[in-house]
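**Q** If you're matching them up, the sequences are chains D and F in order.
When we follow this note's numbering, the leftmost residue of the first sequence carries the number 1, and every step to the right adds one.
When we follow this note's numbering, the leftmost residue of the second sequence carries the number 1, and every step to the right adds one.
No lab work stands behind these hints: they were computed from the structure.
Cβ atoms here follow ideal geometry from the backbone N, Cα and C, with glycine treated the same way.
Wrong hints could be hidden among the right ones.
[Unchecked claim] Restraint-style ranges between C-beta atoms, simulated for each label pair:
1. F:G5 / D:P124: 50 to 60 Å
2. D:G150 / F:A224: 18 to 28 Å
3. D:P345 / F:R134: 38 to 48 Å
4. F:D135 / D:P363: 22 to 32 Å
5. F:Q328 / D:S48: 36 to 46 Å
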Amino acid sequence: MRPLEGIRILDFTHVLAGPFCTRLLADMGADVVKVNSAKRAAANNAPSSPYYAIWNRNKRALALDMSHDRANDVARSLANQADVVIDNFSLGVLDRWGIGYEEVSASNDQVIYVQMSGMGGGGPWSDFVTYAPTIHALAGLTYMTGVPDGGPIGLGFSYNDHQAGLHGAVAILSAIEARRQTGKGQQVDLAQFEVGTAMIGVSLLDYFVNGREAHPCGNRVPYDKFAPHGCFLCRPDGDDILEERWLAIVCRDEGEWNALCSVMGDPEWCRADSFSTAELRCENAEALDRYVNEWTSEMDANELMYTLQEAGVPAGVVQTGIDLAETDPQLKSHEFIRFMDEPHPGLGETFADRLPIYFEKTPCDTYKRSRMLGEDNVSVLADWLGMSEEEVRTGEEAGYLT
Amino acid sequence: MPTRGKALQQTRIVDLSDDKSIYGVKLLADMGADVVRPEPQSGDPLRERGPFDEESGDSLWYAFFTSSRRHFKVDENSSASLYELNALLGCADLCFLGKENPLSDKVNAEAARARNPKLVVVDVSPFGSTGPWRDFKAPDLVASALGGSSGVTGDDYTPPLKLFGELNFTISGAYAASAALAGLYHAQETGEGQSIEVPVHECIASSLEHVFMWYYYQEHFPNARAQALERRGSLHWTNLYVVMPTKNGAMMVTPTPNIEAQLAWLVEEGAFQDLLDPKYEEPKNRRHYFQRLMEVIREWVAAEDTEELFFKAQERHAPYGWVQTVAQVAKNPQLEARSWWQTTEIGARKVQGPGVPFQFLGTPGYVAAPEFLDGDAASVLDAVGWED
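Let the sequences and hints guide you as you build the complete structure.
**A** Okay, here's the thing in structure tokens:
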């Protein structure tokens, strides 16, 4: 038994933030019904795309053509049976389909209705259109991730989509707990922009309290006296940027610094006055990094990582996707990469990165492939609405089920 | 403990987290959970994390991450004090453990679960309790390197970059909060508590968007030259989102989701150059067209005023993103209009600070000031007020 078995989620989400939220809940056993349509099933929302396959595992697929009144009726009936209705459309789309919060809660006062829009309801920017890179820019994450005087670089992937999805899951489960106390569901307005902004909360507090503004600082930390604190080039595997080998090394206190010096063979420069305290090492970080880099440049990154960790110095190889998938011994030992229960009709064998949560009593080891458009029409409508297969097939012929 | 009609007001949490899950406990505390955070006599080491309030010397890092909790000291050398600490677990719903929290190994979670079978214990560590790296130290930069987020962040002229701030540990924190609430749900339904492990390494690796897709489905991406992408600055894996310099700032620009509308806009502006050339309509030239489109947009954007361009784009439903500094975020009109900021207490001052990242319309959360409980072990336990 998985921990969330029994929870029913009607899922109108698309692309990444919403689907990542419902994937997490589905991995933990919730019955997630992903609603799609032939019209919307394009690009990353097409069940045949790898992107869709990754973020929609463990869910069931229902296809409704919402331009039909009968499809709206089915959606309303499903919403009446749902513990959770969730979407990440721009605000107002579900209202137009007759399944807005007011309509649904009037007949299902237990429903938790989550809208994960970019900017949230209300406010001058509420209609703005956003994707994760938009949010990164607006929330300060793009500006802050970079090197001094180097221009904004930002995050190399859609970080905030994952973070918004995780926050969505926390919000849903909190609202379910609240419902246990109050007997009522409620509406949750999750603005992805506010999630992104919370990620620079400490720097915002520093701005409000001290009037100090944080600026990009590469791999150094802006507020603490940690040095060295960086990625250091080691012996390369080739000339290509993908064949570079970098090792992250961090010293947070005297113990870790002394251990690093010892592994380096206690060279004379280690004992220079300019590196004698954490404050001085930070002040002279550029020179310190040069010395460390000189030392690492001829070393094998992986071997050096083990040597440093053995000595108590935090160190880690900068891993690529190839490393994570092929050689990372920790991920291998946890069987982090799995394959889905059966081949995908369009993609063949598909992989699953396992849920990074290990429940002692309710293990979550089920990985069912993502489903094609309407593949579960019969089972979903039978389980949730008691419809017969014949009724479903009639709906498919009429075109409101696709 | 104030009761505020908040979502988690009947959930009791003992917070022995370290920096890897402290954000997750914050999420639950700000939603009203009754959270106590014991600390050793010498003080919580996380109070040493900067930045600090220049007036009071208090850690702002700590103020942000440990909001809405009750704090008290535990004497690690006193059996009475440790007994009382362990007694709290007997009447808690959730307990968070972190390897670097100095009190984490002072509690006997197994014994507590024997007394309190519904207790859910969430242990967040860099790599979990098994595997060859289980004893590795992994502060944020090292976690970011090994987990894969640094490998795709940065540019060809920079080293791989750490994500700013605590972005890796807020991921593991949010996973930990989800895990705790799922465990709590199961415990409420069945009466069965359990222990839960959350390895940070796997949390990061599971939140890398395209990275595993690129490895496993390379043949689906015509621009892939290897099973991993190089560091490429702000350029998204689709090649269709990138930060471009403007006349007076920087803008995250994308022609998606409506590329025809972007082209029409360039035509309106007289900035379309050769983009209407029929050759681009031929399927064999589509890739080249997208590349050329981004070049033309870059030239056009370079002469535009950032603020004007941003609002013009959003009026047209184009998801451009104005690259904002911390000060600009602090003055954002959308956050202001949604009353997102909340008043918090730092030292003796009331100041504005970040609010709760989701708005519950029935049981709204808020960021409460910390409370400090003084006294000996028995009086603190009494003040906490938990009963079986």
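**Q** Against this structure, judge whether each hint is valid.
**A** To see whether the hints hold, each was checked on the structure:
1. F:G5 / D:P124: 50 to 60 Å: 29 Å, violated
2. D:G150 / F:A224: 18 to 28 Å: Holds, at about 27 Å.
3. D:P345 / F:R134: 38 to 48 Å: Given about 39 Å between the Cβ atoms, the range holds.
4. F:D135 / D:P363: 22 to 32 Å: Holds: the Cβ-Cβ distance is about 24 Å, inside 22 to 32 Å.
5. F:Q328 / D:S48: 36 to 46 Å: 41 Å, holds
Against the hints set out earlier in the document, a violation occurs for number 1 only.
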